[in-house]
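Chain H: place on chain G using the hints.
Number of protein chains: 2
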Amino acid sequence: MTSSFPASNTSMRSERNTYVGKGFVHVKNPYLDSMDEDVLYHLDLGTKTHNLPEMFGDVKFVCVGGSPNRMKAFALFMHKELRLEDSEEDIKDICAGTDRYCMYKIGPVLSISHGMGIPSISIMLHELIKLLYHARCCDVTIIRIGTSGGIGIAPGSVVITDRAVDSFFKPQFEQVILDNVVTRSTELDKELAEELFNCSKEIPDFPTLIGHTMCTYDFYEGQGRLDGALCSFSREKGLDYLKRAYNAGIRNIEMESTVFAAMCRLCGLKDFKRVSTCLYCYFPSCCGLCDTSQQT
Amino acid sequence: MTSSFPASNTSMRSERNTYVGKGFVHVKNPYLDSMDEDVLYHLDLGTKTHNLPEMFGDVKFVCVGGSPNRMKAFALFMHKELRLEDSEEDIKDICAGTDRYCMYKIGPVLSISHGMGIPSISIMLHELIKLLYHARCCDVTIIRIGTSGGIGIAPGSVVITDRAVDSFFKPQFEQVILDNVVTRSTELDKELAEELFNCSKEIPDFPTLIGHTMCTYDFYEGQGRLDGALCSFSREKGLDYLKRAYNAGIRNIEMESTVFAAMCRLCGLKDFKRVSTCLYCYFPSCCGLCDTSQQT
Chain G
1 MTSSFPASNT SMRSERNTYV GKGFVHVKNP YLDSMDEDVL YHLDLGTKTH NLPEMFGDVK
61 FVCVGGSPNR MKAFALFMHK ELRLEDSEED IKDICAGTDR YCMYKIGPVL SISHGMGIPS
121 ISIMLHELIK LLYHARCCDV TIIRIGTSGG IGIAPGSVVI TDRAVDSFFK PQFEQVILDN
181 VVTRSTELDK ELAEELFNCS KEIPDFPTLI GHTMCTYDFY EGQGRLDGAL CSFSREKGLD
241 YLKRAYNAGI RNIEMESTVF AAMCRLCGLK DFKRVSTCLY CYFPSCCGLC DTSQQT
Chain H
1 MTSSFPASNT SMRSERNTYV GKGFVHVKNP YLDSMDEDVL YHLDLGTKTH NLPEMFGDVK
61 FVCVGGSPNR MKAFALFMHK ELRLEDSEED IKDICAGTDR YCMYKIGPVL SISHGMGIPS
121 ISIMLHELIK LLYHARCCDV TIIRIGTSGG IGIAPGSVVI TDRAVDSFFK PQFEQVILDN
181 VVTRSTELDK ELAEELFNCS KEIPDFPTLI GHTMCTYDFY EGQGRLDGAL CSFSREKGLD
241 YLKRAYNAGI RNIEMESTVF AAMCRLCGLK DFKRVSTCLY CYFPSCCGLC DTSQQT
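Chains G and H, in that order, are what the protein sequence lines are.
Read in the working numbering, the first sequence has 211 at position 211, and its numbers run on one by one without any break.
Read in the working numbering, the second sequence has 199 at position 199, and its numbers run on one by one without any break.
Just so you know, not all the hints are guaranteed correct.
Any copy will do: because identical chains look the same in the list, a pair fits if it lies in one copy or spans two.
[To be verified] Listed next, the in silico SDA-like pairs over lysine to any residue satisfying Cα-Cα at most 25 Å (straight line):
id, residue 1, residue 2
1, Lys28, Lys237
2, Lys237, Leu32
3, Lys72, Asp99
4, Lys105, Ser67
5, Lys237, Asp36
6, Lys48, Leu226
7, Lys48, Leu32
8, Lys60, Ser234
9, Lys72, His42
10, Lys72, Ser200
11, Lys28, Glu236
12, Lys28, Glu85
13, Lys105, Thr49
14, Lys105, Glu194
15, Lys48, Arg225
16, Lys28, Arg235
17, Lys72, Val158
These are computed hints drawn from the structure, not numbers from a lab.
Looking at chain G on its own, in the form it has when it is part of the complex (with noise of 0.2 Å):
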């Protein structure tokens, strides 16, 4: 997000976000390794209290999406095309102790729930990553999979982000540590989101392609839509918006996707890709970009 702010706070220099380490996902805070217990307050799990190793040691892919019920849906879907042993039974809410998360763990696959915004994913993150780390995971992928609004695009399509962008096109995330704004990468792997996009070839009627995501703090105002309980823009105005967004090579636009991508690309978990499934195009008024009419 933006804002005028006084020039003695700010601090727009850049992180390194190069991989460190063997594989094995990492934290950058000098204060972890000194904590006598880590309590994971928001996922109901602590170093103390629980067997973070032996529990999650063995995980290899995060999937993570706003909503529980779908997160839950998710883990009965792996579990069955994972052909494991045990029953549809044993899978049980991890977080079952909060209601801020959920979270399903089906052999070395994790499926999470995050809820909605910026704010909500990051302390989920945190924690996370955390997780992983006191868990000593290795060479984790990590993937959003969630509903987007698309931008010239048919309904139903899945669009794989090589790049998310802010309100202003940027590639970039602006983290504000205290009151000073540090400026983070939101670059994907490109190569990856290749390897998946070929994947997509082999199911029938998937349309799929790749394309940069815009991530918003505001679902109505921030996104062009007219049906808010404010709207101040003409529809001429969110319209122009929308098709500067398509010419700057954004196809959806979603409200999690730049943290996403800068605090995993910080942290080590690597390989990360995100996928956005464009339910339907939300704005109101078909902006005309895309090839069939709005539907719901």
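Chain H in isolation, oriented as in the chain G frame:
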């Protein structure tokens, strides 16, 4: 939140926050009345599928909080307090068709969850305000009740917010509309804060104070915590930030108050206040400002 952005994208005009109408909740969207149907996506309600005036026309108080379980517990508490004739079993989640938010109605009181962070509560507020508008509700008071991190106060204290401020201690909320930034006021009604404060005096052992509340976009790096996956500042710098916040009149930190204050003020949800229960000081290393050591 803050950042640098192209001057051409900047619009720092302040919006008028004057109270409009005869106590009716109102929207500021010229397109809404011409819509054939208004679907409140995230509440699983709509103007064609539900008789909103019949369902919600008598609402006078709306209480919101982050956790679905807590807002259900609050609904049951209100049912007991109001001594309503209907049975506890009749209190059902009105938004059961979605897992984004939960909503309970107890006589003239609505109890709604909003998840964590500005984007999550913002979506709920857009749809709640439209719901109250379609239901032709009048003279509605909205109160946010939630946990927060206390600064320089006893754990367990209740902070009645007189002013919501951002990470730079400014009493404003910066809304990105398309790629423009609009600054909105986050002042709350001090007379009503006083009224609520006087009520608290009637309850024994109920430590209550009036103060400013700081709203951040991040729980770890944004609030000076040393126990996130990422921490780039020293313990001393974190403590200095909290001490500067205390000296600026801030008594607690949370993640929703600025957009809550700004949106309610714009839409005629009059007499609104925000109550924040400081269950414990979150800062892992006690800032030494409070009169008790850190408790969890």
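Against the structure, the hints come out as follows:
1. For the identical chains of this complex, Lys28 and Lys237 are inter-copy neighbours only, at 17 Å across copies versus 42 Å inside a copy, given an alpha-carbon limit of 25 Å.
2. Taking identical chains as interchangeable, the C-alpha atoms of Lys237 and Leu32 lie at most 25 Å apart only when they sit on different chains, with a minimum of 17 Å there against 48 Å within one chain.
3. Taking the shortest alpha-carbon separations for Lys72 and Asp99, both the intra-copy value of 14 Å and the inter-copy value of 12 Å come in at or below 25 Å.
4. For the homomeric pair Lys105 and Ser67, the shortest alpha-carbon distances inside one copy (16 Å) and between copies (23 Å) are both at most 25 Å.
5. Proximity of Lys237 and Asp36 under a CA criterion of 25 Å is satisfied inter-copy only: 22 Å between copies versus 54 Å inside one chain copy.
6. Taking the shortest Cα distances, Lys48 and Leu226 sit within 25 Å of each other only across copies (18 Å), while inside one copy they are farther apart (50 Å).
7. For the homomeric pair Lys48 and Leu32, the shortest alpha-carbon distance inside one copy (14 Å) is at most 25 Å, but the shortest distance between copies (53 Å) is not.
8. For the identical chains of this complex, Lys60 and Ser234 are neighbours neither inside a copy (47 Å) nor across copies (33 Å), given an alpha-carbon limit of 25 Å.
9. For a Cα distance limit of 25 Å, the shortest separation of Lys72 from His42 qualifies both inside one copy, at 18 Å, and across copies, at 19 Å.
10. When the C-alpha separation of Lys72 and Ser200 is checked against a cutoff of 25 Å, the pair qualifies only within one copy, where the shortest distance is 23 Å, while the shortest distance between copies is 42 Å.
11. With identical chains, the CA atoms of Lys28 and Glu236 are at most 25 Å apart between copies only, with a shortest distance of 18 Å across copies and 45 Å within one.
12. Taking CA atoms no more than 25 Å apart as the test, Lys28 paired with Glu85 passes in neither setting, with 38 Å inside one copy and 56 Å between copies.
13. For the homomeric pair Lys105 and Thr49, the shortest alpha-carbon distance inside one copy (18 Å) is at most 25 Å, but the shortest distance between copies (38 Å) is not.
14. In this assembly of identical chains, the alpha carbons of Lys105 and Glu194 never lie at most 25 Å apart, being 27 Å within a copy and 49 Å across copies at closest.
15. In this assembly of identical chains, Lys48 and Arg225 lie within 25 Å of each other by CA distance solely across copies; the values are 20 Å between and 47 Å within a copy.
16. In this assembly of identical chains, the alpha carbons of Lys28 and Arg235 lie at most 25 Å apart only when taken from different copies (15 Å versus 45 Å within one copy).
17. In this homomeric assembly, Lys72 and Val158 come within 25 Å of each other (Cα to Cα) only inside a single copy, at 20 Å, whereas the closest approach across copies is 36 Å.
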